[in-house]
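A.B. asks: Anchor point for the sequence shown: position 215 equals 338 in the numbering used here, and the numbering is continuous, going up by one each time.
For the record, the hints were derived by calculation from the structure and aren't laboratory data. Any given hint might turn out to be false.
Ranges of calculated distance between the beta carbons of each label pair, as one might list FRET restraints [as the list claims (entries may be wrong)]: (1) 516 with 301: 35 to 45 angstroms; (2) 610 with 477: 37 to 47 angstroms; (3) 369 with 563: 46 to 56 angstroms; (4) 559 with 614: 12 to 22 angstroms; (5) 519 with 139: 14 to 24 angstroms; (6) 539 with 338: 48 to 58 angstroms; (7) 610 with 232: 52 to 62 angstroms; (8) 609 with 335: 47 to 57 angstroms; (9) 345 with 512: 30 to 40 angstroms; (10) 614 with 497: 24 to 34 angstroms; (11) 586 with 229: 49 to 59 angstroms; (12) 300 with 597: 21 to 31 angstroms.
No residue lacks a Cβ here, since even glycine has one placed at the ideal position from N, Cα and C.
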Amino acid sequence: MISASSTFEKILSASFWGMLSTIVTGSVQLMIVPLLIGSYGKVDYGLIMIAFSIFAYIRMLDFGMQSGSIRFGTMWLSTDNYKRVNSLFQTNIYFSGLMGLLNALILIWLGNNDANLFNLSSEQQLLFKWMMWMLAINIVLDWLSTVFIILFSVNHEIGWISKITIVKNIVFFIAIMYVITFNIPLTWYFLTYTISSMAQLLLFLAISYRIKILSAAYLKPKLYKNIFKEVFSYSFGIFSMRVFQISALYLRPILISIVAVESTIIVADYSIIQSICALVIAFAGVFSQILLPLTSKSLALGEHDKISQIVHTGTKYISIFLSYLIFILVINVEPLLELYVGSEYTHLSTWVIVALITLFGLHNSPVSSLIIAHGRLTPLIKFSAINTLFSLTLVILFTQKYGVGGAILSYLIYTVLQTGFIYIYYTTLVFELQSKIIFVKSFAIPVFVGGISAILSITLSQLMYIEANVVKILVNSSLFVAVYTSLCLGFIVRPKEVKGLFLKFYNNKI
124 MISASSTFEK ILSASFWGML STIVTGSVQL MIVPLLIGSY GKVDYGLIMI AFSIFAYIRM
184 LDFGMQSGSI RFGTMWLSTD NYKRVNSLFQ TNIYFSGLMG LLNALILIWL GNNDANLFNL
244 SSEQQLLFKW MMWMLAINIV LDWLSTVFII LFSVNHEIGW ISKITIVKNI VFFIAIMYVI
304 TFNIPLTWYF LTYTISSMAQ LLLFLAISYR IKILSAAYLK PKLYKNIFKE VFSYSFGIFS
364 MRVFQISALY LRPILISIVA VESTIIVADY SIIQSICALV IAFAGVFSQI LLPLTSKSLA
424 LGEHDKISQI VHTGTKYISI FLSYLIFILV INVEPLLELY VGSEYTHLST WVIVALITLF
484 GLHNSPVSSL IIAHGRLTPL IKFSAINTLF SLTLVILFTQ KYGVGGAILS YLIYTVLQTG
544 FIYIYYTTLV FELQSKIIFV KSFAIPVFVG GISAILSITL SQLMYIEANV VKILVNSSLF
604 VAVYTSLCLG FIVRPKEVKG LFLKFYNNKI
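Please construct the entire structure, taking both the sequences and the accompanying hints into account.
C.D. replies: Here is the structure:
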């Protein structure tokens, strides 16, 4: 049995390495965008993003088996039910291997039939074919790595997952630098991704053996129908909720590549915008990991007042956090784009701002965690399905007129409708919380104050003549932080409240 102190140490370690992994992954993704555009050009970069969008979408259709396997595996291991644990991993090897091969066949088929699906030239068709063949190999490796992610998670060795992910991204970056430095053909870029995935799988295998959590019996693929049925029934419920949200986001570049005339150029622009937004999404995702256990515990104990406090306070602090991130990016959007990908891309500034504003929808993480903890998912699944279909239809209609802006506008509409449904149905009717107060006091006021702070900081910075983009970003950001922090402490959060929050974290009471 793992001691409480040991468990706490592992939680701290996992949190640290998880944040570091997020920073490294985000940094690598940010750095490779200008490198690839500079080396291969905007059109070929767009082709790369079409291929990776297809890969990412297919890979995410995992039926929720990873989450379900971690839940049941942890439960059975904690009760020393090793027979079921063994059956679970053998079933996962069987399932992952089968799904990896099926996904690979889909990618190969798409690569061989791209002329019937995407608006690509004959030269691009050949490149795309080789890309999909490379990614077909990669997707098999990724599926097999999932088994080890489950293994490490079940044994409370989550920190190792983040460490190995960091190594994978470093290997990927080194390989990309080699390809770009020596001007190696585009198809070899995809080989670098496969090399990094192979390194990840081998590290998972070696480390799981070294820390003695891997049994040889786990690696024998065998389908246990009862185990699979039990895990799959739970997993598919979670997957049903996620699949429409995944589709709403990841199908956009794929649809653009099908309906748009200059598809690769538009997809390239969309990818640049998304790479900037990914920073906000990555850091905001940390809150969901913290809030879910808190809301689950309070819901189980029937602590309605505490749930209300978590939602009100959580929404307020997340809204403030998002305001810092989003408004700093908004006020610096032009110099950031110029530094990031070049002055010829500053025309994307307006759409970047719209995309960043859309991310304020992440403020409802406390209620979303409460929905998952409560388990009443069917209404959200049904609404998400309708909303996703509507949103993707708008992508097709808007892209013809607005180009990359069509994908951004359609996702903004999707987010507004999704957020509105959660407020009206779940916050008000299901959880009987004061949705108007939550929206106005915990969300609208912090965002409004953030907007005022952004206007004031821009006005002040315009009084100074600054030519260098780096200096301009530093001055704009410093002014905004100073103004927004002062207004927050004056009108939204009391200094005593902030001090109390830090003390609670320091004393491990949260």
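A.B. asks: It remains to establish, for every hint, whether it holds in the given structure.
C.D. replies: Results for each hint:
1. Distance hint check for residue 516 and residue 301: the Cβ-Cβ separation is about 43 angstroms, which falls inside the suggested range of 35 to 45 angstroms.
2. Distance hint check: the CB atoms of residue 610 and residue 477 are about 24 angstroms apart, inconsistent with the given range 37 to 47 angstroms.
3. Between residue 369 and residue 563 the C-beta distance comes to about 31 angstroms, which lies outside the given range of 46 to 56 angstroms.
4. Taken as a hint, the range 12 to 22 angstroms holds for the pair residue 559 and residue 614, whose Cβ atoms sit roughly 19 angstroms apart.
5. A beta carbon spacing of about 44 angstroms between residue 519 and residue 139 contradicts the range 14 to 24 angstroms that was offered as a hint.
6. Our hint of 48 to 58 angstroms for residue 539 and residue 338 holds, since their Cβ atoms are close to 49 angstroms apart.
7. Checked against the hint of 52 to 62 angstroms, the C-beta distance between residue 610 and residue 232 comes to roughly 56 angstroms, which is consistent with it.
8. For the pair residue 609 and residue 335, the beta carbons lie near 54 angstroms from each other, so the given range of 47 to 57 angstroms is met.
9. The supplied range of 30 to 40 angstroms is met by residue 345 and residue 512, whose beta-carbon atoms lie about 39 angstroms from each other.
10. Between residue 614 and residue 497 the beta carbons are some 33 angstroms apart, a value that agrees with the proposed interval 24 to 34 angstroms.
11. Separated by about 57 angstroms at the C-beta atoms, residue 586 and residue 229 satisfy the suggested range of 49 to 59 angstroms.
12. Between residue 300 and residue 597 the Cβ separation comes to about 27 angstroms, which falls inside the hinted range of 21 to 31 angstroms.
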